[in-house]
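Student: Residue numbers (the working numbering), protein chains in the order written: chain A, 4 to 119; chain B, 1170 to 1283.
Errors might be hidden in some of the hints.
Unchecked claim - Label-pair distances were calculated between CB atoms; the ranges are:
hint, chain 1, residue 1, chain 2, residue 2, range
1, A, T60, B, V1189, 30 to 38 Å
2, B, T1179, A, T20, 32 to 40 Å
3, A, T20, B, S1195, 35 to 43 Å
4, A, K23, B, S1187, 41 to 49 Å
5, A, M48, B, D1218, 16 to 24 Å
Just so you know, these hints were derived from the structure itself, not from any lab.
C-beta: ideal position from N, C-alpha, C; glycine also.
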Amino acid sequence: GAVVSQHPSWVICKSGTSVKIECRSLDFQATTMFWYRQFPKQSLMLMATSNEGSKATYEQGVEKDKFLINHASLTLSTLTVTSAHPEDSSFYICSAKTGGWDGELFFGEGSRLTVL
Amino acid sequence: GENVEQHPSTLSVQEGDSAVIKCTYSDSASNYFPWYKQELGKRPQLIIDIRSNVGEKKDQRIAVTLNKTAKHFSLHITETQPEDSAVYFCAASPGSSNTGKLIFGQGTTLQVKP
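Let the sequences and hints guide you as you build the complete structure.
Tutor: As structure tokens, then:
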């Protein structure tokens, strides 16, 4: 079946540095991918919609200059957390849907970011 | 935009009892409502979903009901087992195009006591 893969699965970085997380659709093309953030014991909060070949659409309250999204190909979207701070520590998850109205939605494994 | 409310936040039942989790949504155009089970540190796993053209769907011990008029949907788990213990999330796909975008409820931590 279709698979969505994220990398890295976990990352630790120093405050002020930038971290890039990749989301790949392994056996299908995804013109649209979605990025979520999940704090401990909380729900998944939609951050943005990643659109292949165009700018991402950010949800209200999400800083587009802090969370840079690039969707340069039909199988890869990247989320870069710029100038990371401890409050950015979270579980970041992407998702992508196979084609068609009744296509199937797949989530990546998630990436645990810890900012020291 | 779409808003999804989920209750209760925690639910404790005895093994063999039933568990019911309820969600409401705000966007009347939404037409896809999945339920996910998530274990700590893992990705959400789809357990059942329902589209707006049906009122109920069942898969073994799990069922989902949808009331479009009232804009609420519920997850029913019968004959609960300890391995059902997890966090459950409802979600709604805003608008009518089902792009894959989901708005999640706050989650319910289900504990099934042996």
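Student: List, from low to high, the hint numbers that the structure doesn't satisfy.
Tutor: Checked against the structure, no hint fails, so every one of them is satisfied.
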